[in-house]
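Chains as they are written, first to last, in this note's numbering: chain A, 1 to 337; chain B, 1001 to 1337.
Since the hints were derived computationally from the structure, they do not count as laboratory data. It is possible that some hints are incorrect.
Computed cross-link-like contacts, DSBU-like style, restricted to lysine-lysine with a CA-CA straight-line distance of at most 30 Å [claimed, not checked]:
# : chain 1 : residue 1 : chain 2 : residue 2
1 : A       : Lys-217   : B       : Lys-1233
2 : A       : Lys-233   : B       : Lys-1233
3 : B       : Lys-1185  : A       : Lys-89
Derived contacts from chain B toward chain A, CB cut-off under 7 Å, selection only [unchecked claim]:
# : residue
4 : Ala-1145
5 : Gly-1186
6 : Ala-1214
7 : Lys-1233
8 : Glu-1236
The beta-carbon is built from N, C-alpha and C at its ideal position, and this holds for glycine as well.
Number of protein chains: 2
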Amino acid sequence: MIIAVDAAGGEYAPHEVIKGAIKAAREYQVEIALVGRKEILYVQAGRHLGKLGMTIIDANDVIGPDEPPIEAVDSKPNSSIVIGVNLVKDGAASAFVSAGNTGAMLYSSFIILGKIPGVDRPAIGSLITINTGSPVLLIDSGANANCRPHHLVQFAQLGSTYFHGLFGIDAPRVSLLNTGEEESKGNSLAQESYQLLKKTDLNFTGNIEGQDIARGKTDVIVTDGFTGNILLKTLEGISAHWLYSLLQSGQVFSKAYRLSLQALNRDIGMDAWAKRLDYRESGGACLLGVNGNIIIAHGRSQATAIKNAIGLAKQTVEQNIRDNIMEDTYEQTGISG
Amino acid sequence: MIIAVDAAGGEYAPHEVIKGAIKAAREYQVEIALVGRKEILYVQAGRHLGKLGMTIIDANDVIGPDEPPIEAVDSKPNSSIVIGVNLVKDGAASAFVSAGNTGAMLYSSFIILGKIPGVDRPAIGSLITINTGSPVLLIDSGANANCRPHHLVQFAQLGSTYFHGLFGIDAPRVSLLNTGEEESKGNSLAQESYQLLKKTDLNFTGNIEGQDIARGKTDVIVTDGFTGNILLKTLEGISAHWLYSLLQSGQVFSKAYRLSLQALNRDIGMDAWAKRLDYRESGGACLLGVNGNIIIAHGRSQATAIKNAIGLAKQTVEQNIRDNIMEDTYEQTGISG
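Chain A extracted, bound-state conformation (with noise of 0.2 Å):
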């Protein structure tokens, strides 16, 4: 399996990435074929080159983090984003892993790559793992900032179909985020999209609300793309910002609390337990509905981060997440696969 990724996207590329990279041949057996300017690469991953069986694609051109996406991938068909989705459609690579623009990522992976029959809004879903051991999936968290309560159903079909695949779990359970316990909670998305999710054949178990994220009652949590990524971001900051403080007072306090802290990691790993919803850490997201596996990593991905989202691609391209969706569609649909 070879998994392309994308050397030059995220504000620790290259190096970080390609780090992560190199972890990820090792540790999960994956062809990686490294796609940004080849002089660089060479130089910088040129070693582990033979050995790890990695490949550098050369893209000379980059997009960067706050161009327009239209714009930048319409203009740049030789940047690492564009050149990458190409190698999914051409079947060069199994799957794309991108730290870049994640608005080029969507665009380009949206006309390049078409959307799967039967899907009108591809979506991302992300993994979070804040209950221990249990990770939900949010979807949309971030592709479609306006939604129509019919792509919340569709966000539904595509989340539980990926959970399925990913966890093996039969009827994942599906939440809708929403304000309130009683159906006609919510602003007026959220209350027709009730209804409509009442009647589909998802395992749906009504609305969750944002208290109980943590506490493991759902697998699958939908919601419109603008919610959904204010969640993603509330979290991920929250977690980064206790984080900090815990460091922050090891500095600032005394020798005992340090010898303490040093103590409380060592009995309960706390550095791991406060990593899971650490960004520089956690796994990417999948882009769900296009015809190709992307992998959308966070812009601050570090090695790990980058080698957890390497792990999600070939997780995604083993479970044939596309071919379930396209199945699960037609099923939903009534029209025969």
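Based on the hints, put chain B in the right spot on chain A.
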């Protein structure tokens, strides 16, 4: 100053409400009027009445947490919420504090007190304190699920006036909750609201993303009541989760760990720090834009949270928020006061 307190509202009523009211009477030198069934209140609070200047207002009915607000308010004129709001309307109390049914608090405030002239949509402003010592006002945190851009502008005006009144800060920084920094980001509500906010006299500092809420970058965060409510509850939930995890691991792990945790507490007061976002401690929120001072406490408020909510009520009364809002509204709309 007389502050009416709903002794029948919230999960821990009446016991914790009475405890909190007694604490507040001592700490803030305010006169408390407990609203609830007089037989119960005389038994539970009777011996404190004289020396603390507390009184009892009989309300022989109660609105449950899950009752539909409109029907409940309309059919229960003798409920503690309806009687409490009427005390404010009649000038018998300067403010009313309740941890009861939020919908019933909103609806009874709208119909009994009415709106301040110039305000279309009253909104809930919640004080969040994550970053050390710098509270942020989130508005609207739940009164209006469906909003139009000009409503968000009014929330910004209400929030700015309230924040100025509470903390004496001139021209508080006002930010729009959004999915990115650029003004083109977000759903159509956010995009249009941004354009309107730019044209106001407010100290509008642009968009704020979820990860920056804990970073002290702004004073007032403006959003619709759907997104705001989800954000607030998510912050509560994740903080409760961290707190629980810390306590939980203390029970499971070694004695060395428990000693470490004690040392940590001693050194940095971690308990106090974690509790800042704990709803059992947090001081409630103000319903801004109605003709009277209404403080909405969390349904799970215990004594300290009730005490803090009464403290917020006192501050709100002292700052004469209603007149400030009216003055600011007239200035902003160009109507001469």
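Here is what the structure says about each hint:
1. Lys-217/A x Lys-1233/B: holds, 15 Å
2. Lys-233/A x Lys-1233/B: holds, 14 Å
3. Lys-1185/B x Lys-89/A: holds, 29 Å
4. Ala-1145: Interface hint status for Ala-1145/B: holds (4 Å vs cutoff 7 Å).
5. Gly-1186: holds, 6 Å
6. Ala-1214: holds, 4 Å
7. Lys-1233: holds, 3 Å
8. Glu-1236: holds, 5 Å
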